[in-house]
Each structure stands twice: as C-alpha cells, then as structure tokens.
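Trainee: Sequence:
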Amino acid sequence: MENGEFENKGAKEIANIRELFGLMGSEGAEKDTKIELMEAILNYLKRKEVSDDINNLEMLAFDKKELENREEVFQDELLALTKGDPDEELGEVVYTAWIKE
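For the sequence shown, my numbering gives the first residue as -18, with consecutive numbering after it.
Among these hints, one or two may not hold up.
Said to hold, decoys possible - Listed below are the simulated DMTMM-like cross-link pairs for lysine to aspartate or glutamate, each with C-alpha atoms no more than 20 Å apart in a straight line:
no., residue 1, residue 2
1, Lys(-7), Asp44
2, Lys29, Glu17
3, Lys27, Glu70
4, Lys64, Glu39
5, Lys27, Glu17
What the hints contain is simulated information worked out from the structure, not anything from laboratory work.
Construct the complete structure from the given sequences, taking the supplied hints into account.
Mentor: So, in structure tokens, the structure goes:
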C-alpha cells in the first residue's frame, strides 16, 4: 500500500470513529453503535501497535483536566488512552478512550 493510500485509510478511519462517537450522544443510540465504535477503536489501537490485550474499554469525550490524574498509555490527534484500576467484578483493567472532536 502506498503512503498516500495509507494516509487516506487512516483519515477515513478517524472520521468513522468520530462519527460513531457523535452518534453515541444522540437520543436512541443503538447498542450496536457502541459495539461498532468499540471495535473501531480497538482496531485503530491495534493498527497503532498500542495494545492487543484491552478487554474493558470506556469511551468518553476528551477532557484535558480529567487526564491529569490518569495513567496515560497513548495519545494522538484522535484520542488519548488511559489505564485505570481493575474492574472489581471482572478483575480486568479498565481502559478509557478519550475521543477528541
């Protein structure tokens, strides 16, 4: 894949994630939308070689103040990824994707 094609695919991927995140806030957002957004973010992070072992992911709007007290794992033009404490019931670490608009 040529560099231009790779950049175009990345831009489409970012636009898709932002669009899905925008739909999350709308009234009557489908559960499928949340699942599709989560899968898109996980694929994006995998492509960026961030992590393959994220099983518990929250998605929130970007908030710089909230990031100050969090363990940041990754940040780029689309999102910041933070690592939280393990979920009490599941024992899995909770990650948060902070989507930039």
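Trainee: Confirm or reject each hint.
Mentor: Going down the list of hints, with the structure as the test:
no.: 1; hint: Lys(-7) / Asp44; result: violated (24 Å)
no.: 2; hint: Lys29 / Glu17; result: holds (18 Å)
no.: 3; hint: Lys27 / Glu70; result: violated (26 Å)
no.: 4; hint: Lys64 / Glu39; result: holds (10 Å)
no.: 5; hint: Lys27 / Glu17; result: holds (15 Å)
Checked against the numbered hints given earlier, the structure breaks hints 1, 3 and satisfies all the rest.
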